[in-house]
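Residue strings, one per chain:
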Amino acid sequence: MEPIPRKGTPERQRLIDTHKACMDSMKGVAGNSVLQCGTPGDTTIIGGGVHADPVLKRVLLRMRGESPKGKLIVICTKVDAEWRIARLSGIRGVPPEFVDEIVYTDEQEIQHAVFLMRLEELSDSYGFPEDFHEGWKRRDDNWPVT
Amino acid sequence: MTTMRLTGYADKFGVHPGDTIKFYVNCDGPAEYKVEIVQMINGDTNPRGPGYIDRPVEAAVNGTYAGRKQVIHGGSYGYVPDARPFNVESFTLQCWIWPTAPKTHPRYWKHGAQGLVTKWSGDCGYGLFVNAEGCLELRINEHRITTGVPIRDHAWHFCAASFDATTGDVVLYHEPQVVYALDPEIPPVTASLKVAVAPAPVPVALGAYVEALAPSDPLAASSKPAGVIFAGKYNGKIDSPRICNRALSRAEIEMMKAGAQPGLTERRNSGPTGKLSECIVAAWNFSQGIDTIHAKDEGPYRFDATLVNCPNRGMTGYNWSGQNFDWKHAPNEYGAISFHDDDVDDARWASDFAWTVPETGVKSRFYAAKLTTADGAEDFIPFWVVPRIGQKTAKIAVMVPTISYMAYANEHVACNAGGAELFIYRVPIMQQQNMFLSEHREYGGSIYDTHTDGTGISISSRLRPILSIRPKYDHFLAQAPWQYPADLHLIYWLETMGYEYDVFTDEDITYDGLARIENYNVIITGSHPEHNSGPQLDALHNYTQRGGRLMYMGADAWYWVHSFHPAYEDKGRGVVTEMRRCESGIRTWRADPGEYYHQGTGELGGMWRFRGRYLHSVAGVGMSSEGFDVSSYFSRTPDSLDPRVAWAFEGIGYDEKLGNFGLVGGGAAGLELDIVDTMLGSPPHTLAVATSAGRHTEAYLLVMEDFGFNQQGLDGTTHPRVRGDIAFHETPNGGACFAFSSIAFCGSLPWNNCDNNISRLVKNVLDRFAMDGPLPAPPAEAIKHRGRADYDPTPIEHRSRKERGEPLPA
Numbered sequence: 001m002e003p004i005p006r007k008g009t010p011e012r013q014r015l016i017d018t019h020k021a022c023m024d025s026m027k028g029v030a031g032n033s034v035l036q037c038g039t040p041g042d043t044t045i046i047g048g049g050v051h052a053d054p055v056l057k058r059v060l061l062r063m064r065g066e067s068p069k070g071k072l073i074v075i076c077t078k079v080d081a082e083w084r085i086a087r088l089s090g091i092r093g094v095p096p097e098f099v100d101e102i103v104y105t106d107e108q109e110i111q112h113a114v115f116l117m118r119l120e121e122l123s124d125s126y127g128f129p130e131d132f133h134e135g136w137k138r139r140d141d142n143w144p145v146t
Numbered sequence: 001m002t003t004m005r006l007t008g009y010a011d012k013f014g015v016h017p018g019d020t021i022k023f024y025v026n027c028d029g030p031a032e033y034k035v036e037i038v039q040m041i042n043g044d045t046n047p048r049g050p051g052y053i054d055r056p057v058e059a060a061v062n063g064t065y066a067g068r069k070q071v072i073h074g075g076s077y078g079y080v081p082d083a084r085p086f087n088v089e090s091f092t093l094q095c096w097i098w099p100t101a102p103k104t105h106p107r108y109w110k111h112g113a114q115g116l117v118t119k120w121s122g123d124c125g126y127g128l129f130v131n132a133e134g135c136l137e138l139r140i141n142e143h144r145i146t147t148g149v150p151i152r153d154h155a156w157h158f159c160a161a162s163f164d165a166t167t168g169d170v171v172l173y174h175e176p177q178v179v180y181a182l183d184p185e186i187p188p189v190t191a192s193l194k195v196a197v198a199p200a201p202v203p204v205a206l207g208a209y210v211e212a213l214a215p216s217d218p219l220a221a222s223s224k225p226a227g228v229i230f231a232g233k234y235n236g237k238i239d240s241p242r243i244c245n246r247a248l249s250r251a252e253i254e255m256m257k258a259g260a261q262p263g264l265t266e267r268r269n270s271g272p273t274g275k276l277s278e279c280i281v282a283a284w285n286f287s288q289g290i291d292t293i294h295a296k297d298e299g300p301y302r303f304d305a306t307l308v309n310c311p312n313r314g315m316t317g318y319n320w321s322g323q324n325f326d327w328k329h330a331p332n333e334y335g336a337i338s339f340h341d342d343d344v345d346d347a348r349w350a351s352d353f354a355w356t357v358p359e360t361g362v363k364s365r366f367y368a369a370k371l372t373t374a375d376g377a378e379d380f381i382p383f384w385v386v387p388r389i390g391q392k393t394a395k396i397a398v399m400v401p402t403i404s405y406m407a408y409a410n411e412h413v414a415c416n417a418g419g420a421e422l423f424i425y426r427v428p429i430m431q432q433q434n435m436f437l438s439e440h441r442e443y444g445g446s447i448y449d450t451h452t453d454g455t456g457i458s459i460s461s462r463l464r465p466i467l468s469i470r471p472k473y474d475h476f477l478a479q480a481p482w483q484y485p486a487d488l489h490l491i492y493w494l495e496t497m498g499y500e501y502d503v504f505t506d507e508d509i510t511y512d513g514l515a516r517i518e519n520y521n522v523i524i525t526g527s528h529p530e531h532n533s534g535p536q537l538d539a540l541h542n543y544t545q546r547g548g549r550l551m552y553m554g555a556d557a558w559y560w561v562h563s564f565h566p567a568y569e570d571k572g573r574g575v576v577t578e579m580r581r582c583e584s585g586i587r588t589w590r591a592d593p594g595e596y597y598h599q600g601t602g603e604l605g606g607m608w609r610f611r612g613r614y615l616h617s618v619a620g621v622g623m624s625s626e627g628f629d630v631s632s633y634f635s636r637t638p639d640s641l642d643p644r645v646a647w648a649f650e651g652i653g654y655d656e657k658l659g660n661f662g663l664v665g666g667g668a669a670g671l672e673l674d675i676v677d678t679m680l681g682s683p684p685h686t687l688a689v690a691t692s693a694g695r696h697t698e699a700y701l702l703v704m705e706d707f708g709f710n711q712q713g714l715d716g717t718t719h720p721r722v723r724g725d726i727a728f729h730e731t732p733n734g735g736a737c738f739a740f741s742s743i744a745f746c747g748s749l750p751w752n753n754c755d756n757n758i759s760r761l762v763k764n765v766l767d768r769f770a771m772d773g774p775l776p777a778p779p780a781e782a783i784k785h786r787g788r789a790d791y792d793p794t795p796i797e798h799r800s801r802k803e804r805g806e807p808l809p810a
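Sequence order for the protein chains is A and B. Numbering follows our numbering, with no gaps: position 11 of the first sequence is 11. Numbering follows our numbering, with no gaps: position 200 of the second sequence is 200.
Calculated from the structure, these hints are not laboratory results. One thing to keep in mind: the hints can contain errors.
Pairs of lysine-lysine, BS3-like flavour, derived with a Cα cap of 30 Å [what the hints assert, rightly or not]:
| id | chain 1 | residue 1 | chain 2 | residue 2 |
| --- | --- | --- | --- | --- |
| 1 | A | Lys20 | B | Lys392 |
| 2 | A | Lys20 | B | Lys472 |
| 3 | A | Lys78 | B | Lys275 |
| 4 | A | Lys78 | A | Lys137 |
| 5 | A | Lys57 | B | Lys69 |
| 6 | A | Lys137 | B | Lys103 |
| 7 | A | Lys78 | B | Lys657 |
| 8 | B | Lys370 | B | Lys657 |
| 9 | B | Lys395 | B | Lys763 |
| 10 | B | Lys224 | B | Lys194 |
| 11 | B | Lys472 | B | Lys784 |
| 12 | B | Lys784 | A | Lys27 |
| 13 | A | Lys20 | A | Lys57 |
| 14 | B | Lys296 | B | Lys363 |
| 15 | B | Lys103 | A | Lys78 |
| 16 | A | Lys78 | B | Lys802 |
| 17 | B | Lys802 | B | Lys784 |
| 18 | B | Lys763 | B | Lys22 |
| 19 | A | Lys57 | A | Lys69 |
| 20 | B | Lys103 | A | Lys69 |
| 21 | B | Lys69 | B | Lys22 |
| 22 | A | Lys69 | B | Lys571 |
| 23 | B | Lys657 | A | Lys27 |
Label-pair distances were calculated between CB atoms; the ranges are [claimed, not checked]:
| id | chain 1 | residue 1 | chain 2 | residue 2 | range |
| --- | --- | --- | --- | --- | --- |
| 24 | A | Thr9 | B | Pro793 | 26 to 32 Å |
| 25 | A | Ser123 | B | His798 | 34 to 40 Å |
| 26 | A | Asp124 | B | Gly787 | 55 to 61 Å |
| 27 | B | Thr292 | A | Asp124 | 55 to 61 Å |
| 28 | B | His798 | A | Ile45 | 28 to 34 Å |
To give an idea of the interface, some chain B residues facing chain A are shown, with a C-beta separation under 8 Å as derived from the structure [said to hold, decoys possible]:
| id | residue |
| --- | --- |
| 29 | His16 |
| 30 | Pro50 |
| 31 | Ile53 |
| 32 | Asp54 |
| 33 | His105 |
| 34 | Lys328 |
| 35 | Asn332 |
| 36 | Ala414 |
| 37 | Ile429 |
| 38 | Gly666 |
| 39 | Thr697 |
Each residue gets a CB set at the ideal place from its N, CA and C atoms; glycine is no exception.
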């Protein structure tokens with residue numbers, strides 16, 4: 001399993017820089033992928049990003065597979081204008097709660113902000129035997145479950 | 001952010017000229033709201049497109065209305081009106097249960113005790129419960145007797161409780177059907193209560209209890225029965241509940257498991273024995289009338305229970321043996337009803353206004369009741385004006401995929417599911433509608449969701465506000481319009497290009513059959529008509545067979561088996577649709593073994609493919625892959641030069657990139673993609689005129705029904721079937737199908753004010769398909785024998801572009 005690169009390592013910085021460059025190239029597109037547009041804003045000719053960096057690809061997959069409880073999510077607070085970061089409750093009927101007051105004004109910047117927050121939050125033992133707990137036997141991981 | 005203070009729905013999706021459509025509105029806060037009937041033109045707010053557009057409609061109903069709050073009493077249960085035999089002095093209650101959420105989180109939306117079999121309210125009466133700690137509990141008036149043992153979730157347990165008013169003896173039994181090696185024994189709990197059961201003047205409830213009688217509370221009017229508020233909605237299965245009017249011994253309780261046994265020839269009293277027949281108050285048999293919303297009582301009083309909010313039936317019982325998988329063949333093993341605290345079959349709101357559509361002057365189009373308040377609240381209640389049979393007004397008709405809209409109704413996946421982000425390849429974005437629904441679980445979920453207890457949702461009703469069938473709503477999957485607002489891309493294009501057309505819904509074609517469509521020259525689908533009834537597919541086949549023309553504007557269609565629940569026919573067409581996710585296909589949940597057959601019609605659910613109706617047989621292509629990050633474009637193939645289809649590309653260069661632009665993922669080829677496969681039902685003469693092969697990201701994956709072995713190489717960067725194929729084929733009698741094979745496709749139509757090569761291609765096809773009479777016959781040499789897998793690779797027309805010296809565009 002791909003460990004989450006430690007803080008201060010060149011590898012971690014490389015992932016951050018690549019992710020940022022991809023998101024910047026996707027500006028203007030509704031929806032996005034962590035890939036580099038040949039022409040900014042044109043998704044039909046793309047490369048780089050997760051297609052070229054297997055570590056970035058696997059780290060992102062692991063982040064995306066986190067359980068709903070406490071998982072970061074984006075809330076659109078003004079259609080096509082404003083977005084904020086929130087956290088899922090994991091409890092049915094309890095809506096997501098905003099994590100801070102920051103308002104983002106495009107869809108791509110906030111994707112990068114969530115990536116940075118997750119790098120900070122996930123330990124390098126995430127998903128390894130030292131993290132084993134009872135929930136692993138009871139679908140608490142929720143990895144493939146929809 | 002704002003909360004949604006306006007929500008609403010209508011009693012119909014499709015309304016004929018001269019008929020009346022009623023609207024139901026919840027206006028939570030503002031004193032009044034404004035109603036405007038509008039024609040819907042475009043619902044997409046993407047700054048790269050034309051933006052939201054509606055067109056005012058002169059309607060007598062336009063005006064300002066007093067606001068009032070209306071609520072949904074969600075959660076399923078059964079009830080029997082109060083009757084003398086239920087007001088017992090002594091009693092025995094018993095049933096089997098398979099609870100799915102016996103103990104809930106303190107912040108869970110309905111945390112608290114759950115009713116099993118109850119005649120209890122406000123500390124009067126009696127009933128069997130699962131208490132807030134997840135333990136079996138008997139209530140007699142204000143007294144609570146519990147085992148103190150947490151009930152194992154997702155497991156069968158036999159439960160019983162007896163009370164002898166003469167002695168005061170109480171016995172409570174909790175007997176798990178499966179006992180593991182380290183499980184403690186659960187002895188019967190005994191107690192002594194020298195009390196008289198206070199009669200509670202409330203209905204008997206199965207899977208709930210009565211919280212209050214509130215005949216004058218306007219918010220209780222939408223409960224069923226009106227004015228009776230139920231609480232303690234149970235999550236899980238109940239099988240074989242019984243009420244007897246004396247304290248039975250454990251041996252008698254065992255005999256009572258057999259129920260009323262009314263069929264013996266030499267005895268006409270009900271009961272497993274003569275003695276027990278004398279004490280039966282009710283003995284429900286849920287294996288009877290599975291396709292109804294009544295639970296049959298085989299006891300002497302015929303206390304059939306009314307089931308509210310359509311719980312799941314045809315569910316495996318405690319005695320299911322795994323030998324029969326269809327409830328019709330072994331009903332006695334399907335005596336369980338599965339209740340959920342967020343089931344909803346009808347919001348049952350009071351009507352706020354109604355519009356009688358004029359006989360003339362209102363075209364058959366997409367409409368909505370636009371609701372607004374002075375302080376900025378807004379909602380839309382979409383509907384469609386549909387001509388009566390035989391009164392068509394155009395040569396072109398749009399088939400509005402309302403079953404698919406219902407399948408996705410009030411979808412919660414981004415909020416509920418850990419896996420959501422894996423398939424969209426970015427962090428999901430929730431909108432106001434999603435935030436409202438995340439809290440208001442009583443609005444029900446979609447057939448993509450799981451219930452609040454984690455079991456799959458297989459039922460969807462249209463008699464509730466459906467916040468996903470709205471303009472200005474981007475779905476997290478696409479981060480763009482999806483279903484209803486995505487189909488408005490097509491409508492915007494038809495309007496901009498000046499076409500005259502009619503519209504009809506999936507309900508109309510399901511109930512009317514071929515009569516609904518046979519007089520149109522061409523039928524145009526929506527972008528994602530994934531969920532279909534059998535009669536609908538029959539009608540489309542009959543139509544194309546007789547010379548009709550079909551333009552399939554999207555992808556992943558003709559995929560899931562749907563049926564309308566017959567118990568709701570009295571409320572209109574297609575009120576409740578059902579689909580069990582079984583066997584294979586892209587499934588966000590998977591039905592349990594033995595629960596693959598629809599409760600409403602008894603038909604096998606799942607994919608039409610596994611009922612022997614291949615997707616590809618309807619319009620020539622079928623789903624191959626899906627991915628939800630970004631879209632790409634199509635390139636023409638040598639097939640597009642064939643004189644049978646070359647007319648479609650007039651004005652489009654051979655090397656043009658088809659749709660390297662668009663409002664959905666940035667291109668015409670995206671989200672979900674269909675391909676030609678003559679082994680899966682594409683007619684052998686199908687021409688694949690353009691393809692997006694090789695252009696998709698690793699987020700795009702081959703559909704799971706196309707492989708049997710987990711392996712690497714299934715994504716868009718490696719697998720040859722991860723592509724979309726635009727395809728054409730002729731049908732008999734001058735008919736034809738054109739399939740555009742991508743859900744994102746219609747999102748390219750509005751680009752550059754509809755002046756683009758996707759628009760040109762669709763216009764060429766529509767103009768030809770809309771002509772009167774049969775289409776021109778294909779060249780004589782096109783009539784020849786063709787295999788499915790077999791073909792001759794030597795002729796030039798069967799070779800690749802590369803072999804033909806035609807390099808792909810850069």
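Quick rundown of the hints versus the structure:
For the given pair, Lys20 (chain A) sits about 54 Å from Lys392 (chain B) by alpha-carbon distance, which is inconsistent with the 30 Å threshold. Between the alpha carbons of Lys20 (chain A) and Lys472 (chain B) the distance comes to roughly 28 Å, so the proposed pair stays at or under 30 Å and holds. This hinted pair does not check out: Lys78 (chain A) and Lys275 (chain B) have alpha carbons roughly 69 Å apart, beyond 30 Å. About 41 Å separates the Cα atoms of Lys78 (chain A) and Lys137 (chain A), which puts this hinted pair outside 30 Å; it is violated.
The straight-line distance between the Cα atoms of Lys57 (chain A) and Lys69 (chain B) is roughly 48 Å, outside the 30 Å bound, and the hint therefore fails. For the proposed pair Lys137 (chain A) and Lys103 (chain B), the alpha carbon gap of about 18 Å is at most 30 Å, so the pair holds. The hinted pair formed by Lys78 (chain A) and Lys657 (chain B) fails the criterion: a straight-line CA distance of about 34 Å is larger than 30 Å. About 39 Å separates the Cα atoms of Lys370 (chain B) and Lys657 (chain B), which puts this hinted pair outside 30 Å; it is violated.
Of the pairs offered as hints, the one joining Lys395 (chain B) and Lys763 (chain B) holds, with about 15 Å between alpha carbons and a cut-off of 30 Å not exceeded. Under the criterion of a C-alpha separation no larger than 30 Å, the hint pairing Lys224 (chain B) with Lys194 (chain B) is inconsistent with the structure, at around 35 Å. With a C-alpha separation of about 50 Å, the suggested pair Lys472 (chain B) and Lys784 (chain B) falls outside the 30 Å cut-off, and the hint is violated. The straight-line distance between the Cα atoms of Lys784 (chain B) and Lys27 (chain A) is roughly 51 Å, outside the 30 Å bound, and the hint therefore fails.
A C-alpha spacing of about 14 Å is found between Lys20 (chain A) and Lys57 (chain A), which places the hinted pair at or below 30 Å, so the restraint holds. At roughly 47 Å between alpha-carbon atoms, Lys296 (chain B) and Lys363 (chain B) are farther apart than 30 Å, so this suggested pair is violated. A C-alpha spacing of about 38 Å is found between Lys103 (chain B) and Lys78 (chain A), which places the hinted pair above 30 Å, so the restraint is violated. As the CA atoms of Lys78 (chain A) and Lys802 (chain B) are separated by approximately 49 Å, the hinted pair breaks the 30 Å bound.
Of the pairs offered as hints, the one joining Lys802 (chain B) and Lys784 (chain B) holds, with about 26 Å between alpha carbons and a cut-off of 30 Å not exceeded. At most 30 Å may separate the alpha-carbon atoms for a hinted pair to count; Lys763 (chain B) and Lys22 (chain B) exceed this at roughly 37 Å. Distance hint between Lys57 (chain A) and Lys69 (chain A) is fulfilled; the C-alpha atoms sit about 23 Å from each other, no more than 30 Å. The hinted pair formed by Lys103 (chain B) and Lys69 (chain A) meets the criterion: a straight-line CA distance of about 18 Å does not exceed 30 Å.
With a C-alpha separation of about 17 Å, the suggested pairing of Lys69 (chain B) with Lys22 (chain B) holds against the 30 Å cut-off. Distance hint between Lys69 (chain A) and Lys571 (chain B) is unfulfilled; the C-alpha atoms sit about 40 Å from each other, more than 30 Å. Straight-line distance between C-alpha atoms of Lys657 (chain B) and Lys27 (chain A) comes to about 22 Å, which keeps the hinted pair within the 30 Å bound. Range check, Thr9 (chain A) to Pro793 (chain B): Cβ separation about 53 Å, and the 26 to 32 Å hint is violated.
Against the hinted window of 34 to 40 Å, the Cβ-Cβ separation of Ser123 (chain A) and His798 (chain B) comes to about 57 Å, which falls outside the hint. The supplied range of 55 to 61 Å is met by Asp124 (chain A) and Gly787 (chain B), whose beta-carbon atoms lie about 57 Å from each other. Between Thr292 (chain B) and Asp124 (chain A), the C-beta spacing of about 58 Å keeps the proposed range 55 to 61 Å intact. For the pair His798 (chain B) and Ile45 (chain A), the beta carbons lie near 30 Å from each other, so the given range of 28 to 34 Å is met.
The interface hint given for His16 (chain B) is broken, as the beta carbon of that residue sits about 34 Å from the closest beta carbon of chain A, more than 8 Å. Restraint check, Pro50 (chain B) versus chain A: the minimum CB separation of about 13 Å is more than 8 Å; hint violated. Below 8 Å, beta-carbon pairs count as interface contacts, and Ile53 (chain B) has none with chain A, the closest being about 15 Å; its hint is therefore violated. The beta carbon of Asp54 (chain B) comes no nearer than 15 Å to any beta carbon in chain A, farther than 8 Å, and the hint placing it at the interface is violated.
A distance limit of 8 Å between C-beta atoms decides the matter here; for His105 (chain B) the minimum to chain A is near 5 Å, and the interface restraint holds. For Lys328 (chain B), the interface hint is violated, since its Cβ never comes within 8 Å of a Cβ in chain A; the closest pair sits about 30 Å apart. A least Cβ separation of about 32 Å between Asn332 (chain B) and chain A goes past the 8 Å threshold, and the interface hint is therefore violated. Using the Cβ-Cβ criterion of 8 Å, the hint placing Ala414 (chain B) at the interface with chain A is satisfied: the shortest such distance is roughly 7 Å.
For the restraint placing Ile429 (chain B) at the interface with chain A, the shortest Cβ-Cβ distance is roughly 4 Å, inside the 8 Å limit, so the hint holds. This hint holds: Gly666 (chain B) has a C-beta 3 Å from the nearest C-beta of chain A, less than the 8 Å allowed. Among the interface hints, the one on Thr697 (chain B) holds; its C-beta lies about 6 Å from the nearest C-beta in chain A, closer than the 8 Å criterion.
The earlier numbered hints that this structure contradicts are 1, 3, 4, 5, 7, 8, 10, 11, 12, 14, 15, 16, 18, 22, 24, 25, 29, 30, 31, 32, 34 and 35.
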